[in-house]
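So the protein sequences, as listed, match chains A and B. All residue numbers for the first sequence refer to the numbering used here, where the first residue is -9 and numbers rise by one. All residue numbers for the second sequence refer to the numbering used here, where the first residue is -9 and numbers rise by one.
Just so you know, these hints were derived from the structure itself, not from any lab. One or more hints might be untrue.
Computed beta-carbon distance windows for the label pairs [as the list claims (entries may be wrong)]:
id	chain 1	residue 1	chain 2	residue 2	range
1	B	Phe79	A	Val52	28 to 38 Å
2	B	Arg67	A	Arg85	12 to 22 Å
3	B	Arg67	A	Asn42	29 to 39 Å
4	B	Thr56	A	Lys86	18 to 28 Å
5	B	Arg48	A	Arg46	27 to 37 Å
6	B	Val74	A	Val18	14 to 24 Å
Not the full set, but computed from the structure, chain A residues with beta-carbon under 10 Å of chain B [as the list claims (entries may be wrong)]:
id	residue
7	Gly76
8	Glu82
9	Phe84
Chain B side only, calculated, beta carbon under 10 Å to chain A, not exhaustive [claimed, not checked]:
id	residue
10	Arg6
11	Val18
12	Ser23
13	Phe34
14	Asp35
15	Ile37
16	Gly50
17	Ser58
18	Cys65
19	Val74
20	Lys86
Where is the CB? At the ideal position from N, CA and C, for every residue including glycine.
Number of protein chains: 2
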Amino acid sequence: MFAWVIYDLTDARIRRRVVETCKDFGLVRFQRSVFFGEVSSSGFDQIAEAMNEVTRPREGEVRTDTDSVLVLPLCERCLSRKVVIGKPFDEERFRKRRYRIIG
Amino acid sequence: MFAWVIYDLTDARIRRRVVETCKDFGLVRFQRSVFFGEVSSSGFDQIAEAMNEVTRPREGEVRTDTDSVLVLPLCERCLSRKVVIGKPFDEERFRKRRYRIIG
């Protein structure tokens, strides 16, 4: 399965934590505030939990009531119907690297 | 099924056409550049086609190679696993109005 993280956040410090967390989970940036990548089912839940944690405003930080982070799952069937206009969308870039022990 | 339209566009004139087109199809804005709504399968295809059309740059308009519009389908199962942090996400707001003839 795949995960989209799509955020609309006022405070740059919270945005940075969301970006770092996306990268920690191996998600790849596709648009300014959109990350995407292949994840396991439990990985999806961990991302959602981590996003909850890192978007909690710390001292002096601002979170308005229009701020939001969407963590969206996408099954293979939904993925196959996606339409991307403009920038190329190389699916392989977002798929998890698979390794086979050969020796 | 549901459709997300998520855009990252440089030219305000193209952005406006994308916004108007989303509203024409009954999609509702959730984030600055994110629209969402329930659509039929054929409706999804029409949205994708319309987005292709309205994002074609007209005279004097700019479309950079990092500009993009994502038109993402979401089945009920994927929708049920979505996680929204921050702003409330009232699913009913995005569902198509159903009418029953009563007289």
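We went through each hint and held it up to the structure:
| no. | hint | in the structure |
| --- | --- | --- |
| 1 | B:Phe79 - A:Val52: 28 to 38 Å | violated, 21 Å |
| 2 | B:Arg67 - A:Arg85: 12 to 22 Å | holds, 21 Å |
| 3 | B:Arg67 - A:Asn42: 29 to 39 Å | violated, 22 Å |
| 4 | B:Thr56 - A:Lys86: 18 to 28 Å | holds, 25 Å |
| 5 | B:Arg48 - A:Arg46: 27 to 37 Å | violated, 44 Å |
| 6 | B:Val74 - A:Val18: 14 to 24 Å | holds, 22 Å |
| 7 | Gly76 | holds, 4 Å |
| 8 | Glu82 | violated, 17 Å |
| 9 | Phe84 | violated, 12 Å |
| 10 | Arg6 | violated, 16 Å |
| 11 | Val18 | violated, 14 Å |
| 12 | Ser23 | holds, 8 Å |
| 13 | Phe34 | holds, 7 Å |
| 14 | Asp35 | holds, 9 Å |
| 15 | Ile37 | holds, 8 Å |
| 16 | Gly50 | violated, 18 Å |
| 17 | Ser58 | holds, 4 Å |
| 18 | Cys65 | holds, 6 Å |
| 19 | Val74 | holds, 6 Å |
| 20 | Lys86 | violated, 19 Å |
The structure fails to meet hints 1, 3, 5, 8, 9, 10, 11, 16, 20 from the earlier list, while all remaining hints are met.
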